[in-house]
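Put chain Y on the given structure of chain S with help from the hints.
Line by line, the protein sequences give chains S and Y. Each residue of the first sequence is one higher than the last, beginning at 1 in the numbering used here. Each residue of the second sequence is one higher than the last, beginning at 1 in the numbering used here.
Hints are computed from structural coordinates only; laboratory data are not their basis. Computed from a prediction, not measured in an experiment: that's the story for all the values here.
No copy labels: a pair is met if it fits in one copy or bridges any two.
Listed below are the simulated DSS-like cross-link pairs for lysine-lysine, each with C-alpha atoms no more than 25 Å apart in a straight line:
hint: 1; residue 1: K109; residue 2: K88
hint: 2; residue 1: K209; residue 2: K9
hint: 3; residue 1: K210; residue 2: K57
hint: 4; residue 1: K242; residue 2: K57
hint: 5; residue 1: K128; residue 2: K214
hint: 6; residue 1: K66; residue 2: K12
hint: 7; residue 1: K109; residue 2: K214
hint: 8; residue 1: K88; residue 2: K104
hint: 9; residue 1: K321; residue 2: K46
hint: 10; residue 1: K184; residue 2: K61
hint: 11; residue 1: K240; residue 2: K46
hint: 12; residue 1: K9; residue 2: K210
hint: 13; residue 1: K57; residue 2: K9
hint: 14; residue 1: K88; residue 2: K110
hint: 15; residue 1: K9; residue 2: K214
hint: 16; residue 1: K91; residue 2: K109
hint: 17; residue 1: K104; residue 2: K184
hint: 18; residue 1: K90; residue 2: K110
hint: 19; residue 1: K46; residue 2: K9
hint: 20; residue 1: K210; residue 2: K183
hint: 21; residue 1: K104; residue 2: K214
hint: 22; residue 1: K46; residue 2: K242
hint: 23; residue 1: K90; residue 2: K109
Protein chains: 2
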Amino acid sequence: MKHGANIYKYAKAANCAPHELIDFSSNINCYVQEPTLPLSHALVSKYADSSYRALKKVIAKNYALKSSQIALYNGATAAIFSLLEMLKQKKVFLYAPLYGEYQKACEGKKDLYIIDRIHNIDEEPLEKSIVVFVNPSTPEGTHYDLEELFATWMRQKCTIIIDESFLEFENLPSFREKINSYKKLYIVHSFTKFYACAGVRIGAIFSSKKNITKLQTPLWNLSSLDVAFLQERLEDTQFKEKSRALHRAQKEELLSILEHSELFEEVVESSTNFILVRAKNAGELFTYLLQNRLLVRQCGSFDFLTDAWLRFAVKGVHEQKRLKELLENFSL
Amino acid sequence: MKHGANIYKYAKAANCAPHELIDFSSNINCYVQEPTLPLSHALVSKYADSSYRALKKVIAKNYALKSSQIALYNGATAAIFSLLEMLKQKKVFLYAPLYGEYQKACEGKKDLYIIDRIHNIDEEPLEKSIVVFVNPSTPEGTHYDLEELFATWMRQKCTIIIDESFLEFENLPSFREKINSYKKLYIVHSFTKFYACAGVRIGAIFSSKKNITKLQTPLWNLSSLDVAFLQERLEDTQFKEKSRALHRAQKEELLSILEHSELFEEVVESSTNFILVRAKNAGELFTYLLQNRLLVRQCGSFDFLTDAWLRFAVKGVHEQKRLKELLENFSL
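The following block holds chain S by itself, in its conformation from the complex:
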């Protein structure tokens, strides 16, 4: 499965520069806050503290963890690849659909099994396998109550990976604290989405101190600029509050646009910052929107879905107004 965010390719198709494309395919927080951090010679030129203590301290505080329970990587993708390489277990059960990185990280190294969580969520993984669950899920944005599944996984002695990268938009309950009671649990956390920083490459794994020690993150794998930026942003409580307020308002608006349009047969309830719909003329609609420099996510590359499904990220006032206009003017 390909990642959806290649706006550079789509901008070419739309015959415009990448920044001219309104990108509803990318699930980045729509709240705009200019970074205040100054780029200085001192920051750029020095070797960072290779264990990134100060940043870990802020993350620990934000997520009610200990610094020793955090491993940092240059992006969640790097975290996923490292984690799956470190884990000895051969059998991996992916609850699909989910994004493609997990599958890619397993290719040629693990025996891969796919569980269709939409139609057959009760299918049991094999004993002592690795299970991967993204919660809230993508591309639907469903927040699953995982208690029952978790009990099954524990009974099966599974190594459990829960990816909570889309959790923060609506402050949903996390499985983080369970790393204290179940020793084979790993939480993957991307800071990119909620903290509006896809260009900043920092992702985390949360697990027991013992597991984190085993992970042995590479030396100096993070940019000092990224570290300084994320530290500042995590400390900014205003950013979180304002983001969530804007998210609530804009999601309500997007939902209303999609539900009032007659172009969609189904609009899926979401607990995060994107909404999945089934469109009547998805192919034509996608092309029409792209020709008008508005990119949405076609979901045919997700397991168990087709290109009839489109995913819209929650965006700002201006972008959603443009979407509304375009949908109203669409005719076959």
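Just chain Y, lined up with the frame of chain S:
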């Protein structure tokens, strides 16, 4: 071998903050130029072009390469680990002393052989093995004429890794262009040293297009801030000229300080921005300097050297003045 740059640990020993330590252990260009790049929301929030085309174009221009001959990693360390993992050959010959990353990248995965390049450089590596040579070398800063060795390696059908991370201070001849004629050659290049950006995590491998394709760098492994910074700096010809002018003057000054001091039995000729010396009372001198908040590199962790050897990086006017004072006032 440990990396030398943990100023955080030494600052603690010197009872001061890391920024209060004058760091002669770290081989970073001493020319100070404040970055002019503004940190913007647009830069931070968007996914970068995952193939980093614009940066590769600038690198290609600077180093007389094609973009297709460049693989980019979040630091030279990541490049070294990836390269050694990709290469199937089991036997690795390291020309030592060299920094520790190569050995670490081989541990548990390769059969490691050490060639003492100071006393026994003519020892031949086994057929079809991997050879690693850092040129200019560290910790001495010797620039080797590698033509003869290269011929031996080719005859032995070796896979050749030449690390040219310290080459740019004195504009020395590179082996880069040979990637066009010998298909098993990889050049490792760190931008950290000459471009004065240890906090910016970008390193490169230069090789044939075919080899670069095989390397398959991870998706979005670079920080957009780092990319923007390095792009700006590589385009800045003034930075290079001013750096080299300052380097020449300061290196001459450092050499004079070290040669005129009676504390050293040997001062090694260097072709880059650090100078290796053998000190009469190295342990005491190291401790005395550290107590005075000046850190130098003890070389006992390098193969075939002891802590009698100290390495001094070329630093700015103020720092070298302080070094001179401290050396003059040292008494046992």
